[in-house]
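Here's the letter readout for the chains.
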Amino acid sequence: MKKKFAPLMAAVTAAALFTVTACSSSDSSEEGAVDPNEKVSLTYWTWTPNMDKVVAAWNAKNPNIQVTVNKQDGGDPAVTKLLTAVKAGSGAPDIMQAEYQKVPTLVSADALADISAEVGSLKDKFPAGAWSGVSLGSDAAYGVPQDSGPLMFFYRSDVFEKNGLAAPKTWDDYAAAAEKIHKADAKQYLGTFSANDAGLFTGLAQQAGASWWGVNGDSWTVNINDAATQKVASYWGGLVEKGVMDNKPMYTPEWNAALNDGTQVGWVSAVWAPGVLDGSAKDTKGKWKAAPMPQWDAAAPKTGAWGGSATSVTTQSKHKKQATQFITWLNSDPEALKLLADTAFIYPAANDATSVLTEPPAFFADQADYYTIAGEASKQLSPFTYGPNVNVAYSAFNDAFAKAAEAKKAAAFTESLATMQKTTVDDMKNTGFNVAG
Amino acid sequence: MSLTSTAPRKTEAPPAGSPRRRKAKRAGTPYGFLAPAMILFAAFLAAPIFYAAYLSLRKVKVSGLGLGSKSRTEIWAGLDNYTRSLTDPEFLPSVGRVGAYGLIVVPTMLGLALMFALLLDANRTRESIGKFARISIFLPYAVPAVVASLLWGFLYLPRVSPINDIAEALGFAGPNLLSADLTLFAVANIAIWGGTGFNMIVIYTALKAVPTSLYESARIDGASEMAIAWRIKIPIVMPSLVMTFVFSLIATLQVFAEPMTLRPLANTISTTWTPLMKVYRDAFARNDIYAAAATSVIIALATFILSFGFLKLVGRRAFNQED
Chain P
0 MKKKFAPLMA AVTAAALFTV TACSSSDSSE EGAVDPNEKV SLTYWTWTPN MDKVVAAWNA
60 KNPNIQVTVN KQDGGDPAVT KLLTAVKAGS GAPDIMQAEY QKVPTLVSAD ALADISAEVG
120 SLKDKFPAGA WSGVSLGSDA AYGVPQDSGP LMFFYRSDVF EKNGLAAPKT WDDYAAAAEK
180 IHKADAKQYL GTFSANDAGL FTGLAQQAGA SWWGVNGDSW TVNINDAATQ KVASYWGGLV
240 EKGVMDNKPM YTPEWNAALN DGTQVGWVSA VWAPGVLDGS AKDTKGKWKA APMPQWDAAA
300 PKTGAWGGSA TSVTTQSKHK KQATQFITWL NSDPEALKLL ADTAFIYPAA NDATSVLTEP
360 PAFFADQADY YTIAGEASKQ LSPFTYGPNV NVAYSAFNDA FAKAAEAKKA AAFTESLATM
420 QKTTVDDMKN TGFNVAG
Chain L
0 MSLTSTAPRK TEAPPAGSPR RRKAKRAGTP YGFLAPAMIL FAAFLAAPIF YAAYLSLRKV
60 KVSGLGLGSK SRTEIWAGLD NYTRSLTDPE FLPSVGRVGA YGLIVVPTML GLALMFALLL
120 DANRTRESIG KFARISIFLP YAVPAVVASL LWGFLYLPRV SPINDIAEAL GFAGPNLLSA
180 DLTLFAVANI AIWGGTGFNM IVIYTALKAV PTSLYESARI DGASEMAIAW RIKIPIVMPS
240 LVMTFVFSLI ATLQVFAEPM TLRPLANTIS TTWTPLMKVY RDAFARNDIY AAAATSVIIA
300 LATFILSFGF LKLVGRRAFN QED
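Residue numbers (numbering that gives the first Met the number 0), protein chains in the order written: chain P, 0 to 436; chain L, 0 to 322.
Be aware that one or more of the hints could be misleading.
[Unchecked claim] Subject to a maximum C-alpha distance of 35 angstroms in a straight line, what follows is the list of computed DSBU-like cross-link-like pairs (lysine-lysine):
| id | chain 1 | residue 1 | chain 2 | residue 2 |
| --- | --- | --- | --- | --- |
| 1 | P | Lys70 | L | Lys311 |
| 2 | P | Lys319 | P | Lys86 |
| 3 | L | Lys311 | P | Lys319 |
| 4 | L | Lys207 | P | Lys317 |
| 5 | P | Lys317 | P | Lys52 |
| 6 | L | Lys130 | P | Lys320 |
| 7 | P | Lys421 | L | Lys60 |
| 8 | P | Lys86 | L | Lys311 |
| 9 | P | Lys428 | L | Lys60 |
| 10 | L | Lys130 | P | Lys122 |
| 11 | L | Lys207 | P | Lys402 |
| 12 | P | Lys407 | P | Lys86 |
For the record, the hints were derived by calculation from the structure and aren't laboratory data.
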């Protein structure tokens, strides 16, 4: 039957990938010393919509450095393709979009070049939190930050008003609001704890001051089960156990319906949330408001990130200098930043982004200070270092927290962190990484 | 059947006295005809199998921080991947889950398929109704498993499900089919819905091949329709039942698309819910194709042993009539 050979699919796919990449040759031209008049063509793998239009502006002004956009399906498939090309020794592009949490994995596979010598003082143009995503806490630069996803809080202002609530300033306020709203209408929840979205939980841990991985001398440190993350897990577990917070995953038909019919009346999300709400909660347009994140310590506001990516130069590129010139322009030049925001609909990571983002997004048309809040948030990003096996930690998160959310026990939430920590460390040790502790 | 197929072959014996040399020249011809199939088989089936088996004995070793070039080497792992796979705390529960799933799916699906086939066969004269019923029962098989799972997913999710709307309108709480107790049944239901039609067609086709004279003589002997079904039809379609059972067994061991598609919708399906999902997670979420290859080989071996073991067990009895 059609499923007969399914167990071999993994192998077949792998084999097919090898064949494909081995056949496709690199588009970068032949080697040579850097000569200002030399014409080079660079390939750029990205999945950001309309990136070709942004690149067209560069190509028009730089006849000697022509960039061709090669549209990718998304973060995961592009990473798989790049890793295969690196293994095969050819076929990688010159420039690659890399999500922050994938950067260590790619660096560890020797796919991304260290361009710290070429970028000079570019670091000053970015918030420290965003730059740590490409430096991995060292002096290296494995790319230039492109966009960032600072966490923000979104809520139904009409529901808050009806319950006599203001936007929560602290997590205590948030918990009180969640309880009040659910008590007033048993169908309404201020949010949900989604075991599907490891990225959001990571951002919440980041806000609380966690940094799950780190480099200490020549070994990695893993701190998923630290005090800060424990605090976050027991906080959300407590809300779920009390029954004032929903426990269903996000991005399901059910969740979309709940946003639209007013039973999910808040969302801890990131700067890109308006796009999602526009699709899921059309009927509630005009009723939502954006606010800064609730804080653990209102006196020292911090935020985490959910999403965002860097632009990197690959180790196979023969024109690293020109490629670096291009990605520097793309991610820090005011003209490029405006194009990125208006055409590609991303929130640029550079400090200058606030000056080009003036109009609020369509879904929040009434909120003139939308990007002021976002700008403040991105400056408050806590530094966070990702490790070389984020994927392992994330899939451990999915399984452990799905069980905990289903059990609705705060204790299960904190125990899940121990499982995540153990799975992640075991995997690293098994692969041969030096892991401290 | 066997008579008609072997009889003509005897008369086709090569004419006596054909020259030896021409025979030798022709010896290569069959290989020429076989070549395309053999090459495709080797390239797309045999090679990947051997490659998977090879990968299952390898692993990647990282040195130090694992950053920078040349810090990753592929080394010989021996049976390490197999030990890790078999001792993984998630592996045995996933096998148990698939076992329970098979106990629900296979008997229900084949029972329904047999029942529908017998019902359709019971009244051969009303061809138009039969044709309509046959197509409607078969249709779900034409729906890809992923699409079917999405469709059922909508029906399962309490908030968007019309089932729950109706239940609430009637005044009682609708079930949450994706809760911990019911998930297994929810997944099994999709497989039964999708697979019954195919198996029904196989059994029905076997029934159609039975000459009506058999039934006529049974009726003359005073057998009821029930007795005809039990004593004549079911024994005759036994080989088809055995075949559909083996297919279902293989499909059960490899259940993947349905739970994989439902997984993001609920907390109750883990990333290692079935052995094949574990393979997927290891290969694509954890970038560990070596562990994935080892688990694949284990699943392939288990499938092989179970299906051939079953065929050996029932084979002689089931195919008796054919010999």
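Checked hints:
| no. | hint | result |
| --- | --- | --- |
| 1 | Lys70(P) with Lys311(L) | 53 angstroms, violated |
| 2 | Lys319(P) with Lys86(P) | 19 angstroms, holds |
| 3 | Lys311(L) with Lys319(P) | 63 angstroms, violated |
| 4 | Lys207(L) with Lys317(P) | 69 angstroms, violated |
| 5 | Lys317(P) with Lys52(P) | 24 angstroms, holds |
| 6 | Lys130(L) with Lys320(P) | 70 angstroms, violated |
| 7 | Lys421(P) with Lys60(L) | 19 angstroms, holds |
| 8 | Lys86(P) with Lys311(L) | 45 angstroms, violated |
| 9 | Lys428(P) with Lys60(L) | 10 angstroms, holds |
| 10 | Lys130(L) with Lys122(P) | 72 angstroms, violated |
| 11 | Lys207(L) with Lys402(P) | 50 angstroms, violated |
| 12 | Lys407(P) with Lys86(P) | 44 angstroms, violated |
Checked against the numbered hints listed earlier, the structure breaks hints 1, 3, 4, 6, 8, 10, 11, 12; every other hint is satisfied.
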